[in-house]
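**Student:** Assemble chain B onto chain A, guided by the hints.
Which chain is which? The protein sequence lines are A and B, in order.
Heads up: the first sequence at position 56 corresponds to 56 in my numbering, and the numbers run straight through without jumps.
Heads up: the second sequence at position 110 corresponds to 110 in my numbering, and the numbers run straight through without jumps.
These are calculated hints, taken from the structure and not from any lab test.
Ideal Cβ placement from N, Cα and C applies to all residues, glycine included.
You may find that some hints are simply not true.
Each pair of labels, with its calculated beta carbon distance range [unchecked claim]:
no., chain 1, residue 1, chain 2, residue 2, range
1, A, Val150, B, Asp347, 21 to 31 Å
2, A, Arg167, B, Lys371, 32 to 42 Å
3, B, Lys286, A, Ile234, 36 to 46 Å
4, B, Gly377, A, Ile182, 54 to 64 Å
5, B, Leu314, A, Arg167, 54 to 64 Å
6, A, Thr160, B, Asn348, 16 to 26 Å
7, B, Asp59, A, Arg167, 47 to 57 Å
8, A, Gly102, B, Asp347, 14 to 24 Å
Calculated Cβ distances over 12 Å to all of chain B for the following chain A residues [claimed, not checked]:
no., residue
9, Ile193
10, Val319
11, Leu321
12, Asp322
Here are the simulated BS3-like pairs of lysine-lysine, each with C-alpha atoms no more than 30 Å apart in a straight line [claimed, not checked]:
no., chain 1, residue 1, chain 2, residue 2
13, A, Lys51, B, Lys204
14, A, Lys153, B, Lys93
15, B, Lys198, A, Lys153
16, B, Lys182, A, Lys51
17, A, Lys51, B, Lys267
18, B, Lys357, A, Lys153
19, A, Lys153, B, Lys286
20, A, Lys51, B, Lys215
21, B, Lys215, B, Lys204
22, A, Lys51, B, Lys286
23, B, Lys284, A, Lys153
24, A, Lys153, B, Lys150
25, A, Lys153, B, Lys262
26, B, Lys287, A, Lys153
27, A, Lys51, B, Lys262
28, B, Lys371, A, Lys153
29, B, Lys182, B, Lys262
30, A, Lys51, B, Lys184
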Amino acid sequence: MQTPIAGSAPAVGIVKGIRKLFSYRETTLVLMIGLMFAVMPFFSPVFTTQKNIIATLLNVATKGIVGIGVTIILISGAIDLSVGAVVALICSVFGRVYLSSGNLMLGTLAAAAAALICGFVNGFLVTKCRLSAFIATLASMGICRGITFVLTKGTPIKLTSLPEGYRILGEGTLFNIPYVVILFLILALAAHIMMKKSKALRQNVYVGSNEKAARFSGVRTNKVVLLTYVLVGILCWIAAQMSVARFLTASPSYGVGWETELIAAAVIGGATLTGGEGSIIGTSLGLILLGFVDSAIVLLGVSVYWQDLIGNIILLAAVLLDAFVESRKQKESMKSSLKNIGASLLSNRVTEIKEKEKKV
Amino acid sequence: MKRILTIALVMVMLLCGCSTTASTQPSTKSDGSSASAQQPAAKGGVTYASQPAFVGNSDEMYFFVSWYAGNEWWVGGYEGFKDAARQLGVNTKCVGAPNDSIDEQTAVLEQTIAQQPAGISLAVSDGSSFGSVVQSALNSGIPITTTDNKIEEANPIMFMSYDDNAMTKVAADHIGQALNGKGKVAMLEVVGQTNLEKRAAAFKENMAKYWPNIKIVGSANTGHDELKGASDTANFLTSNPDLDFIYTLNPTAAMGAVTAIKEANSKCRVITMDVNENVVQYIKDKKIDAAIMPDSYTFGYLSMLSLYCEKHKLLDPMWNVKLGEKSGWSVPTLEVGATVVTAENADNYKTSSYYAKRQSKGFEEGALDMKNPSLPGFWTR
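Excised from the complex, chain A in its bound form (with noise of 0.2 Å):
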């Protein structure tokens, strides 16, 4: 006979708490930040500070709101490859037309249409024209940033001309963090509940998860999918605008990159490239890693020429340690799904020899 041990509910408890915390993606995400924010002090010991924090999450913040539409479009089983390019073009594009007019509304606006045009043609060509995401996304990367290059004329436009008023967006703080972090947080934290919660953006994962099935039990599959790049659209637009309060010129070269960038911290974060899965807090995440790994690498002093594989292996080394942990998840799931179906069986088994007992 048992006897029972005193406390051992609780204790069941805690470690039901812990499994389910581990359950979800992101805890492995706030394991490696904290594992760097508890080695790192010893190799710098500024790394830790506020001042290193706010800092890192600044350079994070403007990438970050275009990861929520990254990571919504992978998870309806898209890919957008055009980002980096839009969010330059959208800066050229205000920055032109606020240069030429002198009105800052009308700048807004021109960028919010040049935001629209990129996020619907993007669209139109992955649903009506049923080309290939990656292949249509990787043309509007070039038409876009070619476009900036006109624009432009391949020399970034100077705004330092911009009012108070406006330039506030990027420079101003509230309680000393900046506004751009204070947004990005916001979004992101807006953007994952409503993934969980709004009808509409659910259909986003049913669509990503099965095109086909979504389409049958009633889903617009081009309509979400299009739409979908629309709000890519309108978040790089917001991203712009961010960036150009913050850095008063419109570059050609902005955003270079950020595609596979974004990509990476998404998968990271717990997406995949088949869609049906994503988290945008896990993109988020996946980005502030990546931003804590710039900064150490940069505190550590490493050479310039060691920089990229520093960072890339370590990048190598959340995906893969990301994978271990989700794969024994799986093999537990597996385990306890199978002991679940094993004893009912069982159960099943023992009834019907009771009955036949019974009957005998």
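**Tutor:** Chain B in isolation, oriented as in the chain A frame:
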């Protein structure tokens, strides 16, 4: 009446013949080179062409090929190239890769060569990858000058270079004098672009040699990226709150550095290589101390001149091999100078003002499209 008409007709024909002979416009070949210049008339044992050596043909097209085509740092180079071409009466075109991808640079170069141009002024981001393409073009009779990065495997007609040592010495001295010989500096570099790597190495050498008490506390591979420039500068300022100077190898990174310094409320100063309109403004606003700007106009101008001379076979040096073969001279190298752009002289380096003064449309026009009579050596046919 018939006789009068016949005389009149003969006179008209004679006049036409005279005017044709007097025309300075020579017949042209498909590659734009002057037929009269290539087939000189023999008179009394002396050979000469029907036009002066330094008057070319408007069909002769010389190409200015670069990477990051259209970027502001090529402005001076192409304006110089156009000026020389315009004065010689030949035309120009500016083409190039929009980035520093070796593949794209090679593709643009090969496409340019396929057009059989009269000459090419070539700037590449890494000389080691272009040897065979450049040499085969040279072998096919297309003169090529190179700029920025030497192409070791080819023998172009001239290499236009910058004196990295002298330029970075100016930057090092500026920092050294500003800090009275003691302080901390961080660098924003561009790994993979050979000329900027050389420049970074030269700066480090000059700092170590002339200002040994100024410590270079770190380097980051920032590239031509504003956001990365801001992020790397922020990291340097975190690890070294008493950082005195950021030295950037390109103006785009400098713009990011300025933003990060402002955000960190730091007193750190910036010095950069090259300028663009934003950097000029920042220098005027005292947000950037100074920029070291190479004299790209001179390389463009002299590049065009040397291409023209080679195309028209105007040089007659002393060969060290048998007459008629190419000489064994090594590739001549021209080192252009540099200037320091400060708040006092910044206005002189604004591209928009320079274009306005010259009524230039920059990279979008050829040499013969320039119609401003106040340009030096302006003439019309």
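**Student:** Is the Cβ of A/Ile193 farther than 12 Å from every Cβ of chain B?
**Tutor:** For A/Ile193, whose nearest Cβ neighbour in chain B is about 28 Å away, the distance exceeds 12 Å, so it holds.
**Student:** Regarding the pair A/Lys51 and B/Lys215, is the alpha-carbon distance no greater than 30 Å?
**Tutor:** 23 Å, holds
**Student:** Looking only at beta-carbon atoms, does the pair B/Lys286, A/Ile234 fall within the given range of 36 to 46 Å?
**Tutor:** Holds, at about 38 Å.
**Student:** Between B/Lys287 and A/Lys153, does the CA-CA distance stay at or below 30 Å?
**Tutor:** Satisfied, since the Cα-Cα distance of roughly 24 Å is no more than 30 Å.
**Student:** Are all beta-carbon distances from A/Asp322 to chain B longer than 12 Å?
**Tutor:** With a cut-off of 12 Å, A/Asp322 remains clear of chain B, as the shortest Cβ separation is near 24 Å.
**Student:** Given the proposed pairing of A/Lys51 with B/Lys267, does the C-alpha separation stay at or below 30 Å?
**Tutor:** Holds - the C-alpha atoms of B/Lys267 and A/Lys51 are around 16 Å apart, at most 30 Å.
**Student:** Please verify whether A/Lys51 and B/Lys204 have alpha carbons no more than 30 Å apart.
**Tutor:** 29 Å, holds
**Student:** Could you check the hint for me, namely that B/Leu314 and A/Arg167 are 54 to 64 Å apart, CB to CB?
**Tutor:** 57 Å, holds
**Student:** Given a hint of 47 to 57 Å, does the C-beta separation of B/Asp59 and A/Arg167 actually sit inside it?
**Tutor:** Since the Cβ atoms of B/Asp59 and A/Arg167 sit about 52 Å apart, the hinted range of 47 to 57 Å holds.
**Student:** Just to be careful, I want the Cα atoms of B/Lys371 and A/Lys153 compared with a cutoff of 30 Å; is the pair within it?
**Tutor:** 22 Å, holds
**Student:** Holds or violated: A/Lys51 and B/Lys184, Cα atoms, limit 30 Å.
**Tutor:** This hinted pair holds, its Cα atoms lying about 20 Å apart.
**Student:** Can the restraint linking B/Lys284 and A/Lys153 be considered satisfied, given a maximum Cα separation of 30 Å?
**Tutor:** The hint holds at about 23 Å.
Violated hints: none; the structure is consistent with every hint.
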